[in-house]
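Student: Keeping their order, the protein sequence lines are chains G and S. My numbering applies: residue 12 is where the first sequence begins, and numbers increase by one. My numbering applies: residue 10 is where the second sequence begins, and numbers increase by one.
Don't read these hints as lab results, they were simulated from the structure. Just so you know, even glycine gets a beta-carbon here, dropped at the ideal spot from N, CA and C.
Ranges of calculated distance between the beta carbons of each label pair, as one might list FRET restraints:
id	chain 1	residue 1	chain 2	residue 2	range
1	S	S362	G	Q220	54 to 62 Å
2	G	L191	S	S121	53 to 61 Å
3	S	L68	G	G15	37 to 45 Å
4	S	F104	G	D317	53 to 61 Å
5	S	T373	G	D147	39 to 47 Å
6	S	F104	G	E260	31 to 39 Å
7	G	G15	S	F104	50 to 58 Å
8	S	D223	G	T219	14 to 22 Å
9	G	S288	S	I106	41 to 49 Å
10	S	R269	G	V25	25 to 33 Å
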Amino acid sequence: MTAGSRNIVSHIVVFSLLTLFFYLILAFGLNRLACSGRRLMLYVHPMTPRVGGQEFLFTRDFDPDEQYDIFVVGSSHAYRGYDPRVFQKHHFRLFNAGSSAQHPVVTGLVLKNMLPQIKKKPFVIIDVYDRILELDFQESSGRMMMNCSDPNLAKQILFYRLDVVTINNFISRILKSPDLKEVEIKDYVQDGYCMRRDTLDVELDPFTQEFVLNLDAVNGLETCLNWLNMQGYSFVLVSHPMPKQSGFEAYHTPAAKVIESMATRQGAYFLDFTELSDFSEHRYYFSDETHLNQQGVEAFNGILLDSLYALSVLKQPAIP
Amino acid sequence: MLFNSFEFLVFFPIVTILYFVLPHKFRWLLLLAASCVFYMFFIPYYIVILFVTIVIDYLAGIWIEDSQGKRRKYYLWGSIVSTCLVLFIFKYYNFFIGNFNELAKLIGWNYSLDLLGIILPIGLSFHTFQSLSYVVEVYRGHQKAERHFGIYSLYVMFYPQLVAGPIERPQNILHQFYEKHNLNYADVSAGIKLMIWGLFKKVVIADNIAEMVDIVFAHPDQMSWQWLLLGSYLFAIQIYCDFSGYSDMAIGAARVMGYRLMENFNTPYISNSIKEFWSRWHISLSTWFRDYVYIPLGGNRVPGARKELNLLAVFAVSGFWHGANWTFVVWGLLHGFYNVLENMMKKYNWFRSWIETKVSWKRTIGAIIVFQFVVLGWIFFRATSIHDAWLVIKGILTGQHSSWAPPEEIMIFGYLSLAYKLLLVTLFMLMDLTIHRFTRGYYDHRTKHWFRLSFYAYLAALIVLIGYWGDVEFIYFQF
Numbered sequence: 012m013t014a015g016s017r018n019i020v021s022h023i024v025v026f027s028l029l030t031l032f033f034y035l036i037l038a039f040g041l042n043r044l045a046c047s048g049r050r051l052m053l054y055v056h057p058m059t060p061r062v063g064g065q066e067f068l069f070t071r072d073f074d075p076d077e078q079y080d081i082f083v084v085g086s087s088h089a090y091r092g093y094d095p096r097v098f099q100k101h102h103f104r105l106f107n108a109g110s111s112a113q114h115p116v117v118t119g120l121v122l123k124n125m126l127p128q129i130k131k132k133p134f135v136i137i138d139v140y141d142r143i144l145e146l147d148f149q150e151s152s153g154r155m156m157m158n159c160s161d162p163n164l165a166k167q168i169l170f171y172r173l174d175v176v177t178i179n180n181f182i183s184r185i186l187k188s189p190d191l192k193e194v195e196i197k198d199y200v201q202d203g204y205c206m207r208r209d210t211l212d213v214e215l216d217p218f219t220q221e222f223v224l225n226l227d228a229v230n231g232l233e234t235c236l237n238w239l240n241m242q243g244y245s246f247v248l249v250s251h252p253m254p255k256q257s258g259f260e261a262y263h264t265p266a267a268k269v270i271e272s273m274a275t276r277q278g279a280y281f282l283d284f285t286e287l288s289d290f291s292e293h294r295y296y297f298s299d300e301t302h303l304n305q306q307g308v309e310a311f312n313g314i315l316l317d318s319l320y321a322l323s324v325l326k327q328p329a330i331p
Numbered sequence: 010m011l012f013n014s015f016e017f018l019v020f021f022p023i024v025t026i027l028y029f030v031l032p033h034k035f036r037w038l039l040l041l042a043a044s045c046v047f048y049m050f051f052i053p054y055y056i057v058i059l060f061v062t063i064v065i066d067y068l069a070g071i072w073i074e075d076s077q078g079k080r081r082k083y084y085l086w087g088s089i090v091s092t093c094l095v096l097f098i099f100k101y102y103n104f105f106i107g108n109f110n111e112l113a114k115l116i117g118w119n120y121s122l123d124l125l126g127i128i129l130p131i132g133l134s135f136h137t138f139q140s141l142s143y144v145v146e147v148y149r150g151h152q153k154a155e156r157h158f159g160i161y162s163l164y165v166m167f168y169p170q171l172v173a174g175p176i177e178r179p180q181n182i183l184h185q186f187y188e189k190h191n192l193n194y195a196d197v198s199a200g201i202k203l204m205i206w207g208l209f210k211k212v213v214i215a216d217n218i219a220e221m222v223d224i225v226f227a228h229p230d231q232m233s234w235q236w237l238l239l240g241s242y243l244f245a246i247q248i249y250c251d252f253s254g255y256s257d258m259a260i261g262a263a264r265v266m267g268y269r270l271m272e273n274f275n276t277p278y279i280s281n282s283i284k285e286f287w288s289r290w291h292i293s294l295s296t297w298f299r300d301y302v303y304i305p306l307g308g309n310r311v312p313g314a315r316k317e318l319n320l321l322a323v324f325a326v327s328g329f330w331h332g333a334n335w336t337f338v339v340w341g342l343l344h345g346f347y348n349v350l351e352n353m354m355k356k357y358n359w360f361r362s363w364i365e366t367k368v369s370w371k372r373t374i375g376a377i378i379v380f381q382f383v384v385l386g387w388i389f390f391r392a393t394s395i396h397d398a399w400l401v402i403k404g405i406l407t408g409q410h411s412s413w414a415p416p417e418e419i420m421i422f423g424y425l426s427l428a429y430k431l432l433l434v435t436l437f438m439l440m441d442l443t444i445h446r447f448t449r450g451y452y453d454h455r456t457k458h459w460f461r462l463s464f465y466a467y468l469a470a471l472i473v474l475i476g477y478w479g480d481v482e483f484i485y486f487q488f
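Chain G on its own, in the form it takes in the complex (with noise of 0.2 Å):
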């Protein structure tokens, strides 16, 4: 090595050092420094995932020791869409995995991370709402990646994707401070359910919107499943009930066509229930476009259970 080269490499070495340093002080400040309850990051970075919500509060909930009959995962729809006191009714324990936008990697690496804790392997319900087939990955991974309690989670979703967001959110969460809540979610009930009493009070206007599938969360969802299979896990893929909507059907129809093609390359039923006849079409089971309400989470959990025991996927306990 010449002196000019050593030269240019002590100079990169120190200007590293120096950014390094400059990162930590800036990120300290900005993740602990706080304004009207939200971190100074915030308002310099609207992006950053905010402190608190869901996966705040079902990482909090979940108890290994707990023995769970039934886990859920997916998005909003799962979290909001199986309830477990009525499920409870039929003598199962259900755990809902469920967050915000939650992509197929992130439900992946849910999977991976709270089933092999629970003892006895439990059924599991992929709740498979059309657009977690176009979601994006950095989105529901910061907001996991802030909030699990979990900090195995936390790296393991670092080092899924290991680029500057996700490096940045994971510093986020290390330097941010423990007792602060940016998002509060005033309906959560218990074991990651979230109740929603409001009803659907609008006509909804016809839907335009294309089907853009994402190949990442494609790959993701069919990952997922491999990986069930192999460590010999029951599963099921659900779509629960939307409201009826003109248009709705070309943009589930292509939608409904990739999760029935990858259940069936699993050997896993997909239970389709998006467009469900005299159920769609009443407005008072819905609280808005896409989520049911606590009527319809009543309903769609009683038909769902109904159509687990007619597949024989789940066996009704007997009653003691």
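Guided by the hints, dock chain S onto chain G, whose structure is given.
Tutor: Just chain S now, with coordinates in the frame of chain G:
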């Protein structure tokens, strides 16, 4: 591959280290392979189109040099037509067919031609113009035809400037591929400084305000005149930071390996006249049009009216170069009109002395006035249609929905976030000239080494922490 991507963060040091490790005779091969990889990150098979244009102009250059008389002209025009044909098919075919179909519908002719389902190859307009520059310079005898196919390919494909310029001249860059560049502290340092400053402009400033601009221009009829005005000003800053940021990164990346690319931006918003603005904005393109279109049309030698007409034509073509949309043509024509007007006004002494003044307060007022004219042009440049541009202008002029309250979509970021963004932009505008000079080493003799090192380290930390990362492309990539 984007400069603001994690891939580039890995790609760039690997290529640079290999470049200096390899013996000189193999370096062109490494750069060519790296450039192919860089380009193929977008749409891999489009490299075939690039290859076709390279072969055409490579052969044309040799044939022009080896021929005499009229044959030279035939080869030149053959090369120009075939290169432009590629540009026409991929960039303008759908535009003309779309307009033809609209016209046919208007006159009640029930006939429509099919559009092509193609995506514009990235940077096509840039490398096409670079190729054209080569054949014209060979024809004029200013440049010897390049016989080494690999070196010629590298001239067109050199990865730092492949997709968004600067549009180089063969006289400036070709000989540099033959020269041996040793690892040099001054070049590495200057290059990295430019890359950091360019990246800061892109990911911290341009991308930070992009979402506000997008919201304003998405529904101009629903915005208050205050926000239409603010959105237009913000777009002026966004496009400047986006494009000059790319150029700085390109110049910096080349400089680290010892290559000197031409300067593309020189703080254009301090311009005291439109002419000065065009000598500071996208310099490599404006000088291209000057050298290869305006001067061949007669330049300043032709009589007054013809000269002004040529000026208008050149600016209209320049606008059309930017994109196959009437909005770009209007933008170009508007700047052409500004230039013509400025030329006409120059016969008044007070005007000439004003635009040539060195007095700083006069220059400041002049720059503010020129900036308003430039922003008016940017409205056409940013709007998706002439109708939308008109809605923006009409909204501002008629005081539409007067309210200082930010639109609902902008409010999701909160007032503090908004205040931060506006403060960032204001600080940038106030300090642009100083930092531009600082990054070019103007003040090196007046500042301590540790201060400069700390300044860039601080910028780098800000880039990593508060920059917008992800698939945010550069605006000029679409051209």
